[in-house]
Amino acid sequence: MKRLETFVVIVTCCPTLLWSQLRTPSEAVASAMNNPNDLNAVGQVIAEFNRTADTGAWLALKTLYGKSSARLVRQNLALILLQHGDEDKPYLEALIEYAREAVDTTAPLPIEYDEQGVAISGRLAEGFQRWCEAKNVELQECSAMVYAYPVDVLMLARARNRKAIPLLRRALGVENHAVVEMAVRGLASLDDTDSIPLIARQLTRFRPKLAESVAAATAEFDDPRVAPLLDRFVADGKLRQEIDQAIRKRHNRSDR
1 MKRLETFVVI VTCCPTLLWS QLRTPSEAVA SAMNNPNDLN AVGQVIAEFN RTADTGAWLA
61 LKTLYGKSSA RLVRQNLALI LLQHGDEDKP YLEALIEYAR EAVDTTAPLP IEYDEQGVAI
121 SGRLAEGFQR WCEAKNVELQ ECSAMVYAYP VDVLMLARAR NRKAIPLLRR ALGVENHAVV
181 EMAVRGLASL DDTDSIPLIA RQLTRFRPKL AESVAAATAE FDDPRVAPLL DRFVADGKLR
241 QEIDQAIRKR HNRSDR
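Sequential numbering of the sequence shown, starting at 1, is according to this note's numbering.
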């Protein structure tokens, strides 16, 4: 799932990589209005609003949400509007609907994994190919759709709205480990500690490396029940060291 991991890093950590080369505010808005499905064009208006909190940029974002039909563009717009206090139902409902598709899908994983959960390079899973054929969807389009499912769940998680908890909990039971990982992160950000036993039960069904990836996300909870999960499922010493360091930093910040 390397392609997915790279994309998630860009979306969550480094939006300026997507939305570089800012124009003047009026140029950015005009470009986005002419290209409402262009993530880079719309992203420049988002970046402008984040930088200035300009009312004109805010109104443009609301207009662009209505004009755009592109999934990731609408998700980013819904998220920024929600995060800045616009509680209009359509924004959260849109994020929930996109994530629900990711949770309810019957799509197999596109990539085959060995017994340890390491991706087998260059091998597309035969079951996935058959699933795409049954859906009468071209393989490239089908792959893009399934690779986007974890991002759909991530975008809902980033809204940090407790109405998302039931769907995020349900996402813990899907086959796609990356979807499960994003659900864990979302539940942690909502401090839904009641979901920790649910997560613990789900970890046992994944192959070791995949379980490790999901378990690592539980470190975002502030709860002592997470430590045994990390001890059991995170075998990579370097990864565990990084997790422990991140936990210490978080605790140090909260103690100040």
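A hint or two may mislead.
[Unchecked claim] 25 angstroms max Cα-Cα, derived DSS-like pairs, lysine-lysine:
no.: 1; residue 1: K163; residue 2: K209
no.: 2; residue 1: K62; residue 2: K89
no.: 3; residue 1: K163; residue 2: K89
no.: 4; residue 1: K135; residue 2: K163
no.: 5; residue 1: K249; residue 2: K238
no.: 6; residue 1: K62; residue 2: K163
[To be verified] Across the chosen pairs, the derived CB separations fall in these ranges:
no.: 7; residue 1: A125; residue 2: H251; range: 24 to 32 angstroms
no.: 8; residue 1: D194; residue 2: N34; range: 45 to 53 angstroms
no.: 9; residue 1: D194; residue 2: E93; range: 21 to 29 angstroms
no.: 10; residue 1: E138; residue 2: N252; range: 21 to 29 angstroms
no.: 11; residue 1: A246; residue 2: P166; range: 25 to 33 angstroms
no.: 12; residue 1: E115; residue 2: N34; range: 29 to 37 angstroms
The hints are simulated quantities; they were obtained by calculation from the structure and are not laboratory data. For each residue, glycine too, the CB sits at the ideal point set by N, CA and C.
### Query
Quick check: which numbered hints come out false for this structure?
1, 4, 7, 10, 12
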